[in-house]
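Student: Throughout the sequence shown, residue numbering follows our numbering, covering 421 to 647 in sequence.
Rather than coming from a laboratory, the hints here were simulated on the basis of the structure.
Cβ atoms here follow ideal geometry from the backbone N, Cα and C, with glycine treated the same way.
Treat the hints loosely; a few may be bogus.
Straight line, CA to CA, 16 Å or less: simulated EDC-like cross-link-like pairs of lysine to aspartate or glutamate [to be verified]:
| no. | residue 1 | residue 2 |
| --- | --- | --- |
| 1 | K555 | E599 |
| 2 | K549 | E587 |
| 3 | K606 | D632 |
| 4 | K606 | D634 |
| 5 | K546 | D449 |
| 6 | K549 | E599 |
| 7 | K555 | D583 |
The calculated label-pair distances, taken between Cβ atoms and stated as ranges, are [claimed, not checked]:
| no. | residue 1 | residue 2 | range |
| --- | --- | --- | --- |
| 8 | N455 | R636 | 22 to 28 Å |
| 9 | K513 | D574 | 42 to 48 Å |
| 10 | D642 | Q573 | 37 to 43 Å |
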Amino acid sequence: MGDTETYVYHSNIGLRYAKYRWAVIWDPDFVAYTNGPNNIMNLKDILLNLDPKIYYRVNVGFLYLDGDLFHIGPEGFRIRREVFAFTWSPRIKFYDAGRFEIIKFPLYYRRIIIPKIYAVHLVTVKNAKYILYRKYWTDWRENRDFQRFPTVQDYVRHRLKTDYGIESEQEGIKRAFMELASRLTKFEYLLKYCPEELKEEIKEPRYKILYDEDGRIIGRNDIGRIL
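Sequences are here, hints too, so could you generate the full structure?
Tutor: What follows is the structure, given as structure tokens:
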């Protein structure tokens, strides 16, 4: 996790040396469908068959998973707000907007929305520490007080004291997880429609949300029982 300015700098270097007409924004926690009707190669065919004389910005559908492979948060299935793909132009640049990076597109770019789900975003299907740090990461970026808080770790420690009056990172992880859990809905879509890359993981998932006999979320296997 880095600050927005650093991300923007490296993204613009990538754009500067781009060699192809199409640029795709692909985060490391995206997993593509590579077979069946949702095969991402079908999306490639759609993009490559668009009018080459027109500049495009494209939004596509994603499945957003939270907590483990069997739950979604409020985002769930939706069109990704951020642009997924666009035709390259020397006028395109990433800009630092504090909390997030943005791309400013000239008015002549035509927007296309493709609602089909071509990929899964493992939003918080990650280690317990990440769940805590993600809660404060964009605040740290927007705050920009890098003299007081040179790293996100420094900022997280500060916020744990301010928000909860605690110093224990482990206790902070539990608080962050239960806040996340309050927004989750069980969603076993991947049991039927699973990307090839996740088929082994889904048999023995690294992360599994725990329930009590009344159907309440009480923790996760790597964090333990909280309630």
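Student: The structure should be examined with respect to each hint, and the outcome stated for every one.
Tutor: For each hint, the structure was consulted:
no., hint, in the structure
1, K555 with E599, "holds (10 Å)"
2, K549 with E587, "holds (14 Å)"
3, K606 with D632, "holds (14 Å)"
4, K606 with D634, "holds (14 Å)"
5, K546 with D449, "holds (9 Å)"
6, K549 with E599, "holds (14 Å)"
7, K555 with D583, "holds (12 Å)"
8, N455 with R636: 22 to 28 Å, "violated (37 Å)"
9, K513 with D574: 42 to 48 Å, "violated (30 Å)"
10, D642 with Q573: 37 to 43 Å, "violated (20 Å)"
The structure fails to meet hints 8, 9, 10 from the earlier list, while all remaining hints are met.
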